[in-house]
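Based on these hints, arrange chain E on the given structure of chain B.
Protein chains: 2
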Amino acid sequence: MIARQRLTKPDGRALVLYARRPFPPIEAAPAPGIEPGRDAHLRWHPLLREWVVYATHRQNRTFLPSVENDPLAVTIEERRPTELPRGPWEVAVFENLVPSFTGQAPSPPGAIVETRPAHGVCEVVVFTQEASGSLGALPLPRVRLVLDVWADRTEELGRLPSVAYVFPFENRGAEVGVTLHHPHGQVYGYPFVPPIAARELAAQQAHLEATGRGLLADHLAAEITDGRRLVYRDESAPAFVPVCARYPYEVWIAPRRAAPRLPDLTDAERDGVARALKSVLMKYDRLWNRPLPYILVVHQAPTDGRPHAEAHVHIEIYPAYRLPGRMKYAAASEVGAGVFTGDATPEDQARELQDVGIELT
Amino acid sequence: MIARQRLTKPDGRALVLYARRPFPPIEAAPAPGIEPGRDAHLRWHPLLREWVVYATHRQNRTFLPSVENDPLAVTIEERRPTELPRGPWEVAVFENLVPSFTGQAPSPPGAIVETRPAHGVCEVVVFTQEASGSLGALPLPRVRLVLDVWADRTEELGRLPSVAYVFPFENRGAEVGVTLHHPHGQVYGYPFVPPIAARELAAQQAHLEATGRGLLADHLAAEITDGRRLVYRDESAPAFVPVCARYPYEVWIAPRRAAPRLPDLTDAERDGVARALKSVLMKYDRLWNRPLPYILVVHQAPTDGRPHAEAHVHIEIYPAYRLPGRMKYAAASEVGAGVFTGDATPEDQARELQDVGIELT
Numbered sequence: 001m002i003a004r005q006r007l008t009k010p011d012g013r014a015l016v017l018y019a020r021r022p023f024p025p026i027e028a029a030p031a032p033g034i035e036p037g038r039d040a041h042l043r044w045h046p047l048l049r050e051w052v053v054y055a056t057h058r059q060n061r062t063f064l065p066s067v068e069n070d071p072l073a074v075t076i077e078e079r080r081p082t083e084l085p086r087g088p089w090e091v092a093v094f095e096n097l098v099p100s101f102t103g104q105a106p107s108p109p110g111a112i113v114e115t116r117p118a119h120g121v122c123e124v125v126v127f128t129q130e131a132s133g134s135l136g137a138l139p140l141p142r143v144r145l146v147l148d149v150w151a152d153r154t155e156e157l158g159r160l161p162s163v164a165y166v167f168p169f170e171n172r173g174a175e176v177g178v179t180l181h182h183p184h185g186q187v188y189g190y191p192f193v194p195p196i197a198a199r200e201l202a203a204q205q206a207h208l209e210a211t212g213r214g215l216l217a218d219h220l221a222a223e224i225t226d227g228r229r230l231v232y233r234d235e236s237a238p239a240f241v242p243v244c245a246r247y248p249y250e251v252w253i254a255p256r257r258a259a260p261r262l263p264d265l266t267d268a269e270r271d272g273v274a275r276a277l278k279s280v281l282m283k284y285d286r287l288w289n290r291p292l293p294y295i296l297v298v299h300q301a302p303t304d305g306r307p308h309a310e311a312h313v314h315i316e317i318y319p320a321y322r323l324p325g326r327m328k329y330a331a332a333s334e335v336g337a338g339v340f341t342g343d344a345t346p347e348d349q350a351r352e353l354q355d356v357g358i359e360l361t
Numbered sequence: 001m002i003a004r005q006r007l008t009k010p011d012g013r014a015l016v017l018y019a020r021r022p023f024p025p026i027e028a029a030p031a032p033g034i035e036p037g038r039d040a041h042l043r044w045h046p047l048l049r050e051w052v053v054y055a056t057h058r059q060n061r062t063f064l065p066s067v068e069n070d071p072l073a074v075t076i077e078e079r080r081p082t083e084l085p086r087g088p089w090e091v092a093v094f095e096n097l098v099p100s101f102t103g104q105a106p107s108p109p110g111a112i113v114e115t116r117p118a119h120g121v122c123e124v125v126v127f128t129q130e131a132s133g134s135l136g137a138l139p140l141p142r143v144r145l146v147l148d149v150w151a152d153r154t155e156e157l158g159r160l161p162s163v164a165y166v167f168p169f170e171n172r173g174a175e176v177g178v179t180l181h182h183p184h185g186q187v188y189g190y191p192f193v194p195p196i197a198a199r200e201l202a203a204q205q206a207h208l209e210a211t212g213r214g215l216l217a218d219h220l221a222a223e224i225t226d227g228r229r230l231v232y233r234d235e236s237a238p239a240f241v242p243v244c245a246r247y248p249y250e251v252w253i254a255p256r257r258a259a260p261r262l263p264d265l266t267d268a269e270r271d272g273v274a275r276a277l278k279s280v281l282m283k284y285d286r287l288w289n290r291p292l293p294y295i296l297v298v299h300q301a302p303t304d305g306r307p308h309a310e311a312h313v314h315i316e317i318y319p320a321y322r323l324p325g326r327m328k329y330a331a332a333s334e335v336g337a338g339v340f341t342g343d344a345t346p347e348d349q350a351r352e353l354q355d356v357g358i359e360l361t
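Which chain is which? The protein sequence lines are B and E, in order. Quick note, the first sequence lines up with residues 1 to 361 if you use this note's numbering. Quick note, the second sequence lines up with residues 1 to 361 if you use this note's numbering.
In isolation and in its complexed conformation, chain B is listed as follows (with noise of 0.2 Å):
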């Protein structure tokens, strides 16, 4: 069991204090005094049949502030206000100033395609009070605690009617877009199943009609057989570069059993999840000796309240660079087309990251 606290921000957001251990309260939520953006709106795209979000209050958002106006560290007296409090808490959870998704958009107007208000939540997940580092260099109970933060926001999030499908994500590194560096991830709650869950979750259930088993475990069994692309053996929950990835040092984290969402790990599984994935973003960061931007995702069941047997809960970690110094570009044939091209195989690149030493802390 973890402890947490949840408060309220003077601008109405909400505030969710976590640590291992029971912390005393702390009394009141700091906001930086800006009024939170809610000009979010959904339109249908016709010939894709997806829905395309549009948060005007996004473009002008904070970029790459200073150290001395991190708004993700703890609210100083002298200062002007941040988002956190000071306190004992090891991992914050706050509603985004700027949601791309939130319970207070309004109706749109109408359009010649579908509109719909943008509902759902919108969360930044700060993994530690420092202002610098990486959640790969966090020590492993606090990698075990983030773990823990994500089940809980899917536990919480899932209970809303507007929220379909809960999403964990790290974009990591200014080479993804990341506007702030301290070290923190988000959490998207969707008012639907995101398209490419979808399309992963109708092949789990394709493939469980046809043999009665899950697809992700087929597939683990069959890479831990196979066993040149594993980057981290573990009983509960192996990492491996995918046979088939689509980015350069790709990998995928996964519980053996198939465990549908991030709250139904049991708290094995759940060490096994930190262990391997604390190995695998220290490995990226020692590859090349410099840190390795990545885009980290969690995929699992939708939160519709139906138990979702073809689902199996796992984490795909995406790199930015498929050479020191050089970017892999999604270009035409990925963006528009949908076609991946990898210059290296997943052997070779699975090779050079079992080649990296290092040890757990």
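Worth flagging that the hints you see were computed from the coordinates, not collected in a lab. Where a beta carbon is used, it is the ideal one built from N, C-alpha and C, also for glycine. Treat the hints with care, as some may be off.
[Said to hold, decoys possible] Covered stretches of chain B, as calculated for chain E (at least 3 residues, CB under 8 Å):
hint, region
1, 188-194
2, 206-220
3, 291-297
Here is chain E on its own, set in the frame of chain B:
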């Protein structure tokens, strides 16, 4: 009718030279004396149910060479051979030295997912003999010739049994991964219908079956009636920021008539598309008085010999910047969930493009 001459390079690759008027035959096609890459194979991605391409010879491809080493310049006697001969040609097409798809791809070893040789074609389309400049800055007749070349490639590659879909595109600017500054685009002949094209075709087919009308033709009519997002008004081929734009300043250009593929366009329609395309590209570069990087793709019907009454050829252009100096990043929501988030409305961005004055030359 355009003039064309087909040659074979010493290394076996095809070269096709184009001009608007007949030109004296060119004697020989040069080649840089590097063995063409052929080590390309496909693997099946079981969760996304799509093919991923691995072309390992691409890892060390030429990266932003100096003007003296421009492989797209014409060959000059005292220097080492480039990809192109001297002569009065206007546009040149040759098979990529480092292709993602090639008819020479060998059978790959087996894996825990299905594998196939990456048969197909990757061509480079050189827009001009000038090493600098851009597609949008070329005279209108040259832009029209590029369209004719794309149509010719669609016909020629579409006749190959290994090619299921012809995809002309341009990556413009180092920000979208361009490795050569000489104005050029590419054409991929995919051995399957790519996932994004397949989704658009399925939506068009469903609309045709439900209404008896074309989905994009209906959308064009609605955009024209609405009018707020039109960037270039043309009887035969308007340009507009679509109501559901996923990228900043995204523009679609489509003939009013639902022609399935580029070769099906009439002379008048090609003139209209060329005028619309040049207008949009000129507006892009004058918007902030700096070259705007973009990805340009052509979506059309597969080349499987069926009529494809549902398909409506069109151009989609995705710029890379949302503000001067501020890239639009595809981050976790886009890449890991498939949900695109915009910071400005299509109406506002269309108005900005409308306000940019240009004169077609």
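We went through each hint and held it up to the structure:
Three residues within the 8 Å Cβ limit are the bar, and the region 188-194 of chain B against chain E gives 3, so the coverage statement holds. Beta-carbon proximity to chain E at under 8 Å applies to 4 residues in the region 206-220 of chain B; the threshold of 3 is reached and the given coverage holds. Remark: the region 291-297 of chain B is confirmed as covered by chain E, as 3 of its residues place a Cβ nearer than 8 Å to a Cβ of that chain, reaching the required three.
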